[in-house]
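A.B. asks: For reference, the chains in residue letters:
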Amino acid sequence: MSSTHTTATSGQKIWGGGNEPMKAEYGKLMMWFFLISDALTFSGFLTAYGFMRFDFEATWPVAEHVFTHFPGIEGDQPLLYVALMTFILIMSSVTMVLAVNAGHEKKQNAVSWWMLATIIGGAIFLGSQAWEWYHFITGDKGAIELADTRVLKVADADGHVLSFSQLVHGEAGHASNHDEKFTTEEVFSAIEANPSIVLKEPGKSGKTYTHSESLTYLKGAQAIQGANMHRNEYGHKQFANFFFFITGFHGFHVFSGVVLNFILFYNVLMGTYERRGHYNMVEKIGLYWHFVDLVWVFVFTFFYLV
Amino acid sequence: MSSNTHPTGTGWIWKVFWILLAVTFVEVVLGIVKPAPLMVQIIGTSLLNLIFVGLTLFKAAYIVMYFMHLKFEEKSLQYTIYLPLLILVPYLIFILLVEGASTYGA
Numbered sequence: 001m002s003s004t005h006t007t008a009t010s011g012q013k014i015w016g017g018g019n020e021p022m023k024a025e026y027g028k029l030m031m032w033f034f035l036i037s038d039a040l041t042f043s044g045f046l047t048a049y050g051f052m053r054f055d056f057e058a059t060w061p062v063a064e065h066v067f068t069h070f071p072g073i074e075g076d077q078p079l080l081y082v083a084l085m086t087f088i089l090i091m092s093s094v095t096m097v098l099a100v101n102a103g104h105e106k107k108q109n110a111v112s113w114w115m116l117a118t119i120i121g122g123a124i125f126l127g128s129q130a131w132e133w134y135h136f137i138t139g140d141k142g143a144i145e146l147a148d149t150r151v152l153k154v155a156d157a158d159g160h161v162l163s164f165s166q167l168v169h170g171e172a173g174h175a176s177n178h179d180e181k182f183t184t185e186e187v188f189s190a191i192e193a194n195p196s197i198v199l200k201e202p203g204k205s206g207k208t209y210t211h212s213e214s215l216t217y218l219k220g221a222q223a224i225q226g227a228n229m230h231r232n233e234y235g236h237k238q239f240a241n242f243f244f245f246i247t248g249f250h251g252f253h254v255f256s257g258v259v260l261n262f263i264l265f266y267n268v269l270m271g272t273y274e275r276r277g278h279y280n281m282v283e284k285i286g287l288y289w290h291f292v293d294l295v296w297v298f299v300f301t302f303f304y305l306v
Numbered sequence: 001m002s003s004n005t006h007p008t009g010t011g012w013i014w015k016v017f018w019i020l021l022a023v024t025f026v027e028v029v030l031g032i033v034k035p036a037p038l039m040v041q042i043i044g045t046s047l048l049n050l051i052f053v054g055l056t057l058f059k060a061a062y063i064v065m066y067f068m069h070l071k072f073e074e075k076s077l078q079y080t081i082y083l084p085l086l087i088l089v090p091y092l093i094f095i096l097l098v099e100g101a102s103t104y105g106a
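Keeping their order, the protein sequence lines are chains W and U.
To convert, note that position 206 of the first sequence is 206 in the working numbering; the numbers rise steadily by one, no gaps.
To convert, note that position 4 of the second sequence is 4 in the working numbering; the numbers rise steadily by one, no gaps.
I should point out that these hints are in silico values taken from the structure, not numbers from a laboratory.
Please note that a few of the clues may not be correct.
What the hints assert, rightly or not - Quick list of simulated restraints, FRET-style, between CB atoms:
{"hint": "1", "chain 1": "U", "residue 1": "Met65", "chain 2": "W", "residue 2": "Glu213", "range": "51 to 57 Å"}
{"hint": "2", "chain 1": "W", "residue 1": "His178", "chain 2": "U", "residue 2": "Pro35", "range": "31 to 37 Å"}
{"hint": "3", "chain 1": "U", "residue 1": "Ile43", "chain 2": "W", "residue 2": "Leu40", "range": "20 to 26 Å"}
{"hint": "4", "chain 1": "W", "residue 1": "Asn194", "chain 2": "U", "residue 2": "Leu21", "range": "43 to 49 Å"}
{"hint": "5", "chain 1": "W", "residue 1": "Pro195", "chain 2": "U", "residue 2": "Met39", "range": "31 to 37 Å"}
{"hint": "6", "chain 1": "U", "residue 1": "Phe25", "chain 2": "W", "residue 2": "Asp179", "range": "30 to 36 Å"}
{"hint": "7", "chain 1": "W", "residue 1": "Val259", "chain 2": "U", "residue 2": "Pro35", "range": "40 to 46 Å"}
Each residue gets a CB set at the ideal place from its N, CA and C atoms; glycine is no exception.
Bound-form chain W, shown alone (with noise of 0.2 Å):
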């Protein structure tokens, strides 16, 4: 790139995409424009989700309490699953940098070797978070929705959330219901029959009500376990709904990323770069890719961190 800067004297050239303002060749340039757009439209995301929970903060669920399974692991290992997720997409974010790398330097087996290493971090992504998704709408402790559709937790006399599964059983239960289900008066009878359980709000600042607070609340009350549109065991119904909103729309995006990159793949495959002469591809829709690992960071944090 030695003459960036085109002079009105080659006019057909500025009509091709000649002109870089910038310095920016044109395809970047629309790529960072697009780029913004797509980080407003996140942001609105976010914040609408952070508007929300601030908004119903005490039967608003917290994220440690929702996100609990790892693979292979009995019990509750917070952060775990989703650190793991994050650290496949920020290497894949990395791979992808070494192939934009090797690109500049025109060595086109290094970019089809890093291109595939791309592609298959971002699916085994994807995987992980048809496995998360998996996992929060099947459910993990069950939950108790109201008459009023206000969603409370069951709990012991310590305060600890219990699942259907250690109300029902006692000692034999299990932490998770995993695919059990529970009818709501199997559940309601095994209330009433222990009086140190008292139902308790799901959020940092929800209130624990007493055993006979907790009787008087069954009252036209049913027992639901896992997450959908209408309802949720976590608590409050739009926490489900920007879950899969906001999750959703990132996996999307990753999903896009990963149909990219194998297009792009194929063309280094078949040499097409290198018969244009140059790998500027790779750096555009590497700005993308990168782009899905950042937005990734930050759902990271306002989603199960803070």
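Position chain U against the provided structure of chain W, taking the given hints into account.
C.D. replies: Leaving out everything else, chain U in the frame of chain W:
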């Protein structure tokens, strides 16, 4: 411009990777341990949450400046990208969080 000196080799890529990994590790450890001294409440949230936000912005800056290469672009391009986001996003956050907190319980 002076900032356009692009790093060569792949050493810098791995350096940024280790920084991002280390910060994520610190975040996860803090998130699991939740040290009591960091749970003090300031400006509507805990000190720990503010540290999380700070570390997140730190990671974001590294991704944008190095992985997305923005540090080595023209100054005008840098401002074109940074300014709209740095003005609009804090404004949006301010408005919505203040509004959310004041409608709490309403």
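A.B. asks: Within 40 to 46 Å: is that where the Cβ-Cβ distance between Val259/W and Pro35/U falls?
C.D. replies: 43 Å, holds
A.B. asks: Cβ-Cβ distance between Pro195/W and Met39/U: within 31 to 37 Å?
C.D. replies: 33 Å, holds
A.B. asks: Does the hinted range 43 to 49 Å hold for Asn194/W and Leu21/U at CB?
C.D. replies: Because 46 Å falls inside the window, the suggested range holds.
A.B. asks: Using the C-beta atoms of Met65/U and Glu213/W, is the stated range 51 to 57 Å upheld?
C.D. replies: The hint (51 to 57 Å, Cβ to Cβ) holds, given that Met65/U and Glu213/W are roughly 55 Å apart.
A.B. asks: Tell me if the beta carbons of Ile43/U and Leu40/W are separated by a distance inside 20 to 26 Å.
C.D. replies: 24 Å, holds
A.B. asks: Lying within 30 to 36 Å: is that true of the beta-carbon distance Phe25/U to Asp179/W?
C.D. replies: The hinted range 30 to 36 Å holds for Phe25/U and Asp179/W, with Cβ atoms some 33 Å apart.
A.B. asks: Just tell me: holds or violated, for the beta carbon distance of His178/W and Pro35/U against 31 to 37 Å?
C.D. replies: At roughly 33 Å between Cβ atoms, Pro35/U and His178/W fall inside 31 to 37 Å, so the hint holds.
Going down the numbered hints, you'll see the structure goes against none, and every one checks out.
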